[in-house]
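Asks: For this one, chain A is given, so just place chain B on it according to the hints.
First to last, the protein sequences are chains A and B. First residue of the first sequence: 1, per the numbering used here; consecutive thereafter. First residue of the second sequence: 1, per the numbering used here; consecutive thereafter.
Careful, some of the hints might be misleading.
Unchecked claim - If you want a taste of the chain B side facing chain A, the calculated C-beta under 10 Å gives, among others:
1) N60
2) A70
3) M141
4) L150
5) P164
Calculated from the structure, these hints are not laboratory results. Keep in mind it's a predicted model, so treat the numbers as computed, not measured. Cβ coordinates follow ideal geometry from the N, Cα and C atoms, glycine included.
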Amino acid sequence: MNLEQAMDIRQQKILAALENKNTSVHFDDALDNQMILNMGPQHPATHGVLRLLIKLDGETVVACVPELGYLHRGYEKLAENVSYHEFIPHTDRLDYLSPLMNNTAYVLAVEKLIGVEAPKRAQYIRTIISELARISSHLLGVGALAMDVGALTVFTWTFREREKLYDIFELLAGARFTTSFTRIGGLAHDMTPEVKTAITQFIDQLPEKFDECIKLLNTNRIFVERMDGVGVISKEKAVAMGMCGPNIRGVGIEHDMRRAQPYLVYNELDFKIPTFEGGDCLSRYYVRVNEVKESIKIVRQCLEKIPDGPVHANQPKKVLPRKERIYTKMEELIHDFMLINFGVNPPVGEVYHAVEGSKGELGFYIQSRGEGHPWRLKIRSPSFMNLQSTAMLVEGRMISDIVAILGSLDPVMGEADK
Amino acid sequence: MRYGFYISMLTTVVEKIKTQFPSFILEVKEFRDETTVHVKKEDIVAVCQFLRDDEECQFNYCSDICGADAYTPENRFEVIYNLYSIPLNQRIRLKVFVEEANLHCPSVTSVWQGAEWPERETYDMIGITFDGNDDMRRMYMPEEFEYYPLRKDFPLMGIPDSIPLPRK
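With the rest of the complex left out, here is chain A (with noise of 0.2 Å):
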């Protein structure tokens, strides 16, 4: 088959779905109206490479079908042919916006596997860095919504607030964006005192700061107008659905696995889930917004709680070895040679693990036949779920509307192609 061919079978399914597809909306004359717009994969409000085939009566969009792929790299693949430690990379490349997230994530599941419990220093370090990966993550998800419709200000302050949250995170794991922190069974290396009073220093500031941007918006008639009672979905829609995170919160329904089914330390800090009953754009906007003074207060309050102590389990057959050991005690040395050769090698089964990621429940389901590798990983996508109800709110709204519904949906095509 060349290339004009499968190009050509491409297009005509995608156009099939697009014609067939169920709508409550109709032409009043199809040979006057009928248009059919393509819009990404290389569109700026679609954050990232997401495709979106529309087909509109005058500006009113009758049906949409978005198409994936585009940043699909097989990290599913990737991850049955590396061992357990040497995947962790690569989960920072899902939701890049929140790395931190991710490898917290990834490590709690193998963990679960494993029958490995990090100690308790290590699991505050964790909360506190997965809550800032998530005020980052909001950050730019606010800051990204501002922008699609048009008030630009509001991106360049959550940016700079960002900026210092990618100086802490350097000065913590030695990296911007890919960061890698996490270690099955503990961390890279300890937080030094010179990170807490970062961190410190940044969490007394932001709330005055980001207050000032919030109020750029909220008294913004053009904004509220552009978000209120646009891209509404019900209660029982968005369950069916599978939305996810501060969607699924923004129609109420307090749906939230750090209260859910807590992991970390998340029992023993004080903390309120906000829900708005909206279930509209603005509702999903008002969540994140809450999130992140939520997200400030649990901070505030692990700094108080954190406790000395080790940061790795005291289990040298599954957690790596210190650097400096291995170069002078012959057990470690020899654990470090069966771990990075052989991996951790947990019992046969299988394990399903979900935490509350900045864009909702991303979970990993891992299936294990007792070898150093996964058998089979499977990354369970908040954005994938959250995108997955875009057709239907669009439908029926105007077209200026759609990068509104995006960014308030919030996705990140790395996580969501995988």
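Replies: Leaving out everything else, chain B in the frame of chain A:
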């Protein structure tokens, strides 16, 4: 370990499925406080419908659907359903086997509408067709791609010339 706090509720769920569908259940497995129920392929829609609607189950949220390749002569492929109940805060995992000779499985989109994309993804990656899902197109790979990449006999490096590339 700390994972065991929702186990007591699940035993009632498993008992309920067993009494309701005695002939449908092949096996029940426990590992790390997670319950996996093997179900006959033909009955998966009935079991899912029951799990969603029953008072003590209420699995109204389909977390994920995925396929796996066991690479055995019999029961080569499996489809895995990770279900969650928002009101009762419990998880269960269902599993069906799909033979290599008959790569069809009933679709559960009538139970959870959101199962559509995960089923499409499973079709794309493993090659199992879901009967009843109207939109069985490839999710990630190009439409003209002839292979299923997550099968164990698909090489990691890919197959040369399997995707036509644009000429320079």
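Asks: Decide, hint by hint, whether the structure agrees.
Replies: Outcome of the hint check:
{"no.": "1", "hint": "N60", "verdict": "5 Å, holds"}
{"no.": "2", "hint": "A70", "verdict": "8 Å, holds"}
{"no.": "3", "hint": "M141", "verdict": "7 Å, holds"}
{"no.": "4", "hint": "L150", "verdict": "6 Å, holds"}
{"no.": "5", "hint": "P164", "verdict": "4 Å, holds"}
In terms of the numbered hints stated before, the structure departs from none.
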